[in-house]
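Novice: Chains as they are written, first to last, in our numbering: chain A, 26 to 462; chain B, 156 to 885.
It should be emphasised that the hints constitute simulated quantities derived from the structure, not laboratory data. Treat the hints with care, since some could be wrong.
[Said to hold, decoys possible] Covered stretches of chain A (in silico footprint by chain B; criterion: 3 or more residues with CB under 8 Å from a CB of chain B, positions within the stretch not fixed):
1. 173–183
2. 235–243
3. 315–324
4. 371–377
5. 403–411
6. 448–457
From the three backbone atoms N, C-alpha and C, an ideal C-beta is built for every residue, glycine too.
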Amino acid sequence: MSRLPLIFLVAVIPFLSTLCTSFSPEKPSDRRILVLLDDLALQSSHSLFFDSLSSRGYALDFKLADDPKIGLKRYGQYLYDGLILFAPSADRFGGNIDSAAIVDFIDVGHDLIIAADNSASERIREIATECGVDFDDDQAAMVVDHTSYAVSDTEGDHTLIASDDFIQSEVLLGSNKIEAPVLFQGIGHSLNPANSLVLKVLSASSAAYSANPKTKLSSPPSLTGSAISLVSVVQARNNARVLISGSLSMFSNRFFRSEVQKAGSSIKHAKSGNEQFLTELSKWVFHERGHLKAVNVRHNKVGEANEPSMYRINDDLEYAVEIYEWSGKSWEPYVANDVQVQFYMMSPYVLKTLSTDQKGLYFTAFKVPDVYGVFQFKVEYQQLGYTSLSLSKQIPVRPFRHNEYERFLTAAFPYYGASFSMMAGFFVFTFAYLYNK
Amino acid sequence: MTFPSQRTLDMCLQVKQLGGKNNRKYVELSIWHFLSMNNSQMAGKLGFLVLFLCLTSICEASVIHPISDSHRSAALELFTPVDGSFASLEEAYEALRTFEILGIGKELNVRASTCSSVVDNLGPSSSLKDLFYALRANALLKCEIENVFAEIALRVKTSINDANSLLDFYYSIGSLGLIKDQTSEVDVSLADADGIFRSIKALSQSDGRWRYDSNNPVSSTYAAGIALETLAGVISLATSEIDQSLIGTLNNDIVKLFDGIEKYDDGAYYFEEKIVDALEQRGPLSATSSVVRGLTAFAAVTSGSLNLPGNKVIGLAKFFLGIGVPGNAKDLYDQIDALACLENNRVSIPLILSLPATVLSLTKKDHLKVRVSTVLGSTAPPLSVKLMQAFSSDSKDASIIESQELKFDPEADVHFLDVLPKIVDVGKYVFVFETVLNDPEHKKVYATGGRTKVPMYITGVVEIDNAEIAVLDSDLGSIESQKKLDLVGDNTISLSANHLQKLRLSFRLTTPLKHPFNPHQAFLKLTHETKVEHIFVLGNSGKQFEIILDFLGLVEKFFYLSGRYDIQLTVGDAVMENSFLRELGHIELDLPEPPEKATRPPPQPVDAYLRYGPKAEITHIFRAPEKRPPRELSLAFLGLVLLPLLGFLVGLLRLGTNLKNFPTSTVPATFAILFHLGIAAVLSLYALFWLKLDLFTTLKALGFLGIFLMFVGHRTLSHLASTSAKLKSS
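Starting from the given sequences, assemble the full structure and let the hints guide the process.
Specialist: What follows is the structure, encoded as structure tokens:
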């Protein structure tokens, strides 16, 4: 009888090990994503976006947001590495998922994509607020732009916006420039100015405003101009990534395939920029880009190979670190010219930009300051869109030993000369004094 | 949920806004959520009532379009054969059927591979399902098949007798029907049609839905569609007339099924699949499509006995078209196949009224065009389209166009209104169209759906003039400085004011018909140097748009920030073609000093680009080494310091110093030599101490040397003393 649980345990152990947690540099692939939908028809109407994810090797698990059987974790283990929340009107979630559970999910380093629209529920707004993004409080408000809307024969209320005000960042949006404007129809949000982790990826034009297009405006709208963010991303300190969009339809096949012409422009693009924009952004969110790791941090005295346990003031030292970026399949050398190292004790004594060999190795050499104490080699690398690298290595610095000072100072020669001439004189004098007759 | 009516109103707004193409599903979901949120049954009912009223009365219909080329390109994309063949016969059939309806896919070379798979599956070992789909695919491909039909028919007929689940019946009867269509040589007629009919009917439920299996109590709408299709097959295969009472009860079932039909706000009808089964999740699309398939098959075999209201048929068509282009193959097949069934049905063929453009520009003199076609986009029978009414969406009662017939352009297949009436100004309107069939006989065949409401936007260029900006003195209202503005071009005005003055901006907007125009967006934005923004909505007083900013009242709001404010004016509206955003210039404001408790301006977001990036390098500044005299000077002093020694030596020589007192006997001489060697050793030890030794080594060596020196020194000195004592005494 006692054998049965044992066999069960043995059978279950390999399975448990596949339930990987957040993005880990050791096991970066194997990513399972829970997709919560308002309606399973979204699976079909937004299939191009989902297909692009599954073709990149993600296992998507589609569930209705109010499915009572859903859960993010079981027995303390997270079942998913990412969550796509395409359920803007979900007022509550099924199973044990609530906004606190989703925030916890991010807090352990998992990724999240939220798309809202103008039926966005309190729950969705709450999660967005937790991420530092405030959707317009007015439930009926939509982003309206009378100068950069998408020209359309059938959409006349200018809520279908063609925006090309992207953030300038290759790591977020890929190295290919997005030529066509991105179609957006939904609600705008503003970023909390105190939050330095959230970035505006797609912003509205300066003539945009967020209001109910059906009613007359009596008071100024709460969100106007380029302060309106259409799509934002958050990179938490634990490198969890969140994408927040005020439009669910911008992920839809219809917008992916739609042709787009921005008002006032004569260029008609055969395809909107949505597919490229969102595919690239989803690559970033799911850590296919911009995830750095630093390995082989080492330092030594110039001319030596081993890492010393201590430096003396004024030593010349060499510092090197290798940095790699995850490309979705493998770790590729990271190439940049702004990685800096600090030699730090309470405040940086030396801050130096590292040279690179373009193959991921960053190195530099400098002289230890003439201050002794316990120092740290610190690399605090924060770059827009990249995960932050924070390396520190402690190293004590000692002063000169008694016998390491300069011994034969020319300036002291007269004193030495005096001593020795006195000694020589004394020696001669002993003879003269003792044996003179 | 204390105020269901407020919530419903919001919902209605959502419903209106969401009336678009793909998004209509949310409507149904919002309703569901709305209902699920009501704990109290009463509130739920009340809410639903209000909601329903709201849906039917206020919300307008949206424009739907028949099947277009986007469906064709999507079909080619979704049904992609891998290495020239499809994954399964079912998929192959769905692909071929979709291609056939859409008239595409001939360039795809799938016939050979699919045919070989068809032949494989027509063998005696294949399951009923495979057999069925093989026959279905064959019906489309017409593969060359040796005569296996008789054998298959025999096998299928025996399986009908043992069949007990709906799907078994469906595959068997379907296969027989397909054999009947493909060959006339095989006898496929059913002797005991009534019996089979009854055993299938036995699976039906009281609400018009069907069970899959007599053992399975769960009933489904999808199964109802399958059952109808099967029963239609039974009727067509029957050797003798089926009992009319059976068909009558089936008609009743269909009516009951239609009682459970669901409705969207824009008049689209659909069937909801209520069972939530994890194994087989079927959405409304597949359920509705199945019912439509069954219904049309049933209508085809029982001519005239089925009576369906035209608006339901139109509603079903609207549902399928409203989905837009589905994103997966199964959905696309369901949509296209159901639409094809509707297009060819015997009850009533839906005609769809669509507008290529609902945004008409007065400046471009766009024509109002209306296209009426069948769901698959083919030409409709002769008919006329009337613009019954057009009213501004703000004022529902005042109709601007009454009952105007549209002209027909047979070449482009559109009905059009060549000139919009002069009275039509820019604005948002609702146009009401009615389709009337010319031939009264067609009225029995086609369903037009009566009146169609379409929201229209008439856009045009709005004229802006009389733009002025002025700084006024507060008390008297006298004009301090006034400047004309050209809101079409660029302006760079510069004004200055203090907190006792006012700023006035005014301009006039007129529509092409010289009516005053009131745009949705008329904002004046003042931006301080520190990026603090203030937005004001311009109000219109009669014809003139005017805003007066009394700085005295705004001092608090401006956070007492003096300095340069940039003025920006934004005027825009959905129907205004020349919406603009203009920098007008700046105003230099002189505001009083802030009191202590004044609110601080809110923090401004930091530019993301500035937040990152490399920091300035820091290099350590080392302590400067002590100042030392130059080497030469030290050496010169060394020389000076050595001079006295030289003088001493010279002096000794001059004095004639001698060593005559040196002991002459061996032992004292040895001690004397050792004594002096010891002194020399101590002195060289000092030199070594300077050169390399440390204090401890030196002291140690000195200790030994000292003892030695003391000993030999004592001997030498006592010898010298005794010698000199001897000398004295002698």
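Novice: Are the hints correct? Go through all of them and say.
Specialist: Here is what the structure says about each hint:
Proximity of the region 173–183 of chain A to chain B, defined as three or more residues with a beta carbon under 8 Å from a beta carbon of that chain, is established by the 7 residues found. Interface restraint, the region 235–243 of chain A with chain B: holds (7 residues with C-beta to C-beta distance below 8 Å; minimum three). Counting residues of the region 315–324 of chain A whose beta-carbon sits less than 8 Å from any beta-carbon of chain B gives 0, not enough to reach three: the coverage restraint is violated. Chain B is given as covering the region 371–377 of chain A, and this holds because 5 residues of the stretch bring a CB closer than 8 Å to a CB of that chain, at least three being needed.
Requiring three or more residues with a Cβ within less than 8 Å of a Cβ of chain B, the coverage given for the region 403–411 of chain A holds, as 3 such residues are present. Residue count for the region 448–457 of chain A with a Cβ under 8 Å from a Cβ of chain B: 10. That meets the three needed, and the coverage hint holds.
Hint 3 from the earlier list is the only one contradicted by this structure; the remaining hints agree with it.
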